[in-house]
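Engineer: Given chain A, put chain B in place with the hints provided.
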Amino acid sequence: AQSVTQLGSHVSVSEGALVLLRCNYSSSVPPYLFWYVQYPNQGLQLLLKYTSAATLVKGINGFEAEFKKSETSFHLTKPSAHMSDAAEYFCAVGPNDYKLSFGAGTTVTVRA
Amino acid sequence: DTGVSQDPRHKITKRGQNVTFRCDPISEHNRLYWYRQTLGQGPEFLTYFQNEAQLEKSRLLSDRFSAERPKGSFSTLEIQRTEQGDSAMYLCASSGTKETQYFGPGTRLLVL
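Line order of the protein sequences matches chains A and B. With this note's numbering, the residue at position 96 of the first sequence is 96, and numbering never jumps. With this note's numbering, the residue at position 87 of the second sequence is 199, and numbering never jumps.
Hints were generated in silico from the structure; no laboratory data involved. Check the hints yourself; a few may be wrong.
[As the list claims (entries may be wrong)] Derived DSSO-like pairs: lysine-lysine, alpha-carbon spacing no greater than 30 Å straight-line:
1. A:LYS49 with B:LYS169
2. A:LYS68 with B:LYS210
3. A:LYS99 with B:LYS210
4. B:LYS123 with A:LYS69
5. B:LYS126 with A:LYS49
6. A:LYS58 with B:LYS210
7. B:LYS123 with A:LYS58
Extracted from the complex, chain A is given alone in its bound form (with noise of 0.2 Å):
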């Protein structure tokens, strides 16, 4: 079975400062590693997705996130917040690349 745990519900970021998400996973099988978006009244968008061709995955929108197998993580990161980043981010985790285990979301203010 599959799991993940999103930590910390809230995230408050100046413009301009490092965005840093954590996700822990937990997997009996070589996972694949997702990150979710999603603005407000729409569906979820891909971030980018870990599937085991290199540990440290660039996404859309300057984010990236790092594979850690021994700490068994996926944690996201942005060098620079911007005011548009402010959404709902979501770190996912499957044996596959359809039967997807989302955490429970992680809600990112920007203040200017």
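Structural biologist: Structure of chain B alone, referenced to chain A:
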């Protein structure tokens, strides 16, 4: 292509009534997924289709829920005898085989 679409976007119904939601996937995608998202939680996998075949169903999908994809294109999700606990956002996603899932905007259901 305009992406995954869902109809209706909002539905208010009384307890005990039946409701049906529709999802139109991206046209060339052979896989279609349904998820449920309750307030403050991430999406939970309900079921998925490859073409017209329903290949997996979650234990969350009780006997009151049924999903179809009759011609391998659009899909419907029906909830019979709705209960207040069914109130949630119902998300549809589609993908090609072994590809990223693209999500629709969701149908928000409120059962009174």
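Engineer: Please go over all the hints and tell whether each is borne out by the structure.
Structural biologist: The hints, checked one at a time:
A threshold of 30 Å between alpha carbons decides the hint, and for A:LYS49 with B:LYS169 the separation of about 24 Å falls inside it, so the pair holds. Straight-line distance between C-alpha atoms of A:LYS68 and B:LYS210 comes to about 23 Å, which keeps the hinted pair within the 30 Å bound. Restraint check for A:LYS99 and B:LYS210: the C-alpha separation of about 11 Å stays at or below 30 Å, so the hint holds. Taken as a hint, the B:LYS123 and A:LYS69 pair is broken in the structure, with Cα atoms around 43 Å apart against an allowance of 30 Å.
The hinted pair formed by B:LYS126 and A:LYS49 fails the criterion: a straight-line CA distance of about 40 Å is larger than 30 Å. For the suggested pair A:LYS58 and B:LYS210, the alpha carbons sit about 19 Å apart, so the restraint of at most 30 Å is met. With a C-alpha separation of about 38 Å, the suggested pair B:LYS123 and A:LYS58 falls outside the 30 Å cut-off, and the hint is violated.
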